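Peer 1: Chains as they are written, first to last, in our numbering: chain A, 442 to 840; chain B, 10 to 543.
Source of the hints: derived by calculation from the structure; they are not laboratory data.
Do not rely on the hints blindly, as some may be mistaken.
Each computed DSS-like pair below joins lysine-lysine, with the alpha-carbon atoms no more than 27 Å apart [what the hints assert, rightly or not]:
| no. | chain 1 | residue 1 | chain 2 | residue 2 |
| --- | --- | --- | --- | --- |
| 1 | A | Lys800 | A | Lys761 |
| 2 | B | Lys397 | A | Lys528 |
| 3 | A | Lys528 | B | Lys400 |
Computed from a predicted structure; not experimentally measured.
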Amino acid sequence: MAKIHYNPDACIACNTCVAQCPVAAVNADFPGPRITGPASQRFRIMGNIDEETLHFCANCKNCDISCPHNVPISAFNMIARAEFTKKNPFSLRDWMLSHGALLGRKLGLVPAWLRNVGMLNPLTRRLLDMLGISASAPLPQFAAQTFKQRMRTYPQPASQRKVALFPGCYIDLYDPQTGLDLVWLLNKAGYEVIVPNNFDCCGLPMVANGFMEDARANARSNWAELSSWCAKGIPVLTACPSCNLMFNRDLAEYFPEIATGTAALRDAQEFVLECVERGELALPAPDPQAQPMLYHAPCHLRAQGLGLPGLSLLQAVFGKAVRNADAGCCGISGSYGFKKENYGIAQSIGQPLFETITKSGVALTTSECGTCRVQIMHGTGKPCLHPLSLVRRRLELQH
Amino acid sequence: MNQATVVIIGGGATGIGILRDLSMRGVHAVLLEKGGLANGTSSRFHGLLHSGGRYAVGDNEAAKECIEENTILRRVGKECVEETEGFFVATKHDDPEYARAWVSACERAGIAAQPVPVAEALRLEPNLSPNISTVYRVPDACVDGFRLVWHNAVSARRYGGTLLTYHEATGIEQANGRVCAVLARNCQTGESLRFECSYVINAAGSWSGQIAHLAGLDVQVSPDRGTLIAFNHRFTSRVVNRLHKSADGDIFVPHGSITILGTTSSPAPSPESNRPSSAEVLRLLELGEPLFPDIRQYRILRAFAGTRPLYSAGSGAGRSASRGFHIVDHAEEGLHGMISIFGGKLTTYRLMAEKLSDLVCAQLGVSTPCRTATEPMVRPPSAETLAKATKYFPMHSTTLAAHRLGEALETVVNTMDAEPEHPILCECEMVSLAEIDYVARDPDTHSLHDVRLRTRMGMGTCQGTFCSLRAIGALTERNVPLNLSPTEDVAQFLQERWKGVRPALWGTQMKEIMLGRAIYAASLNLDGAIHEQQ
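Please model the complete structure; the sequences and the hints are all you need to start from.
Peer 2: In structure tokens, the structure reads:
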């Protein structure tokens, strides 16, 4: 079926995707997903491959979300980008931005403070800027210990009910606290959390940067690992929307030969909500005194069609204090907004969201996606936390 | 009073080829075409530049002509030809005896036919059926018939040839057993014209019976109807022929961004019989399925039909009629100066033009030899122009536009230089405003329909839904003169597109056309707008 899947026949040129594309809205040089995707696909099949405007695509998936005919628009773009990467000189910058897990492992022996000094000092930032990573971009800081390291000594009550966790690179390398907050909530719901050693990066950044074969290798080992846990009846959760999207939708699109069977990664927020429904986790009544906050729904979450379980969870404990910002894409789209040529585009895309947050007067924002949070903090100066961290705080306060 | 040595009737590949050949030899020639260029059979075929493989067994002489002309056209008309190569593919149900006969016939005709292992063929063409048994590779190629006619026309003009489109021949005058003039009507103004001449060339293809009739002659041309399907994308990158006795629905041709499947063959009641039917589309799908099993899942853009001008004197009709060509000097019937040319194929149009021009030149005492086999048709744009063009043309379309425009690319690029924005008006076929503007200003362009033929605007996925409105808006704003009012022009353009879509109106194409209908009939009230203007 794959050979039919990648034909552009389903597109009726309605241009809905162009109207919904965050990049096309702010950058007149980008002709939009309809042209770079299905329309150009007809020419790529002729053997005419040219990247000229394809690099503008952020792989944010808003085209796929809006398409009334299920055209795999972003997949056309990413496959074309992979073809381009194969045929053109290697970009060290793109490799670095898409192989964070590997870099993290290699740099693992260097203490985090030194890594951060090494990576984030003005001199390195100038060097990175020369490589094409914008000196203004909000690069995240390495955590002192990775999530996996912290979990080795993290005390958990033993339980017969077990879940496994796919932390994803962001939580593992930069934001272990969010992972620990999830573990805390799951423990509270009576689950023991296993963090398997064999999971690697989900591969989404590799796809987005044109390294399709590296993504395929990761997909193969990750899918085998996921399937083995699912076969044991142990659910595997992730708190990262992009990892979840990669496992549950993109893998089947790019590597149908790998993503076989019934294995699935689960959205951790949705799983926690189900714990509440099953009576495993008791939530306090909404706090009438809660300070107002705005929730940002990451594009990669919306692309999954799961609804907004993180927001539902927040509303369960904070009531009306939390509102959906509903102001579109934040612009960062993983590593996209870190790139020098995209930094300005990413900031323009995020502008409506930043303005919504600033004008609302809230002191706190929240979103599931790590890079969305970095971007929101960069664009508004306000803290942005994972919904699970806020839920944990609320539960802890109650006790 | 108009005068010419030769008046050619018929603006298809043959007529234009003759106009160019005679003009290159210094013979003063005028061509009359009742419609737009190539509006007959030259734009209503599968776009296959035959290697001759298809005719090798049945008509080895025609096959020889094909391979020779195929080789010449790749050289002199490379802008019109895509060198895809072709496969001849037998399924397990096809007679292996035929394949053996075919291989030796190819050898006799000088066609290089090399066996390809099935696994290798499937690797190269993954959409082919895994149930194929034998594959041969031949030097088939794809040719854009319209572009070929147009580049011949540009070259003919350069040599002083005159081309009058939308001019219908209405009479042939004769005196003392010689033709002396052709009467014509300008179809757009209604004006009558008279062209004094010494020779009349009847190159009207399927219409040549009617032209001969104007001179009181009777010729045995029977139009034979062929229907074809255009698919939205290219699911084969090579021409694929079925390796069996030539039949219906056994040729697949990748034509630019689309794939064409053809053809049918049935006697046509008239040369204008070009409205395809759903029954023909369904039959073609059924016939094509053994080679491409997923064929029903590919989106059909449209169907179209043309009529082959088969010369039926003596031999059989339909598929058994000769694909060779015939030149008849009507002097033998007592009318000097009147020559008809029949039959043939687009692949051999140049040879047909050469032989006919040789005959005319011999009678005129002109000894200049034919140069069409050696002199390239198009003056390619300069390297600087090409480099500049890549700044303005989107992605992949620079080469395509350069091939369409030839030396005119420079003019178009200079227009782009002077303008602040370079929008693409036809996103399906990636045609820029600058190219559309340039073509629309050509004296031979009268409508969006003519723009479409030269640029491919409106020939892709949306079949005119988006580009027709954009183009008419831009051209009106830029004061480009066209014959019809903007609303009538768009309505006529869409009607012509919908004519081809109707016989295959299902699946995704149905959704596409409903979108078009919602835009033009509902939102823009195009029909109502025409009434208001009246």
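Peer 1: Compare the structure with each hint and give your call.
Peer 2: Hints and how they fare:
no. : hint                  : in the structure
1   : Lys800/A <-> Lys761/A : holds, 18 Å
2   : Lys397/B <-> Lys528/A : holds, 23 Å
3   : Lys528/A <-> Lys400/B : holds, 21 Å
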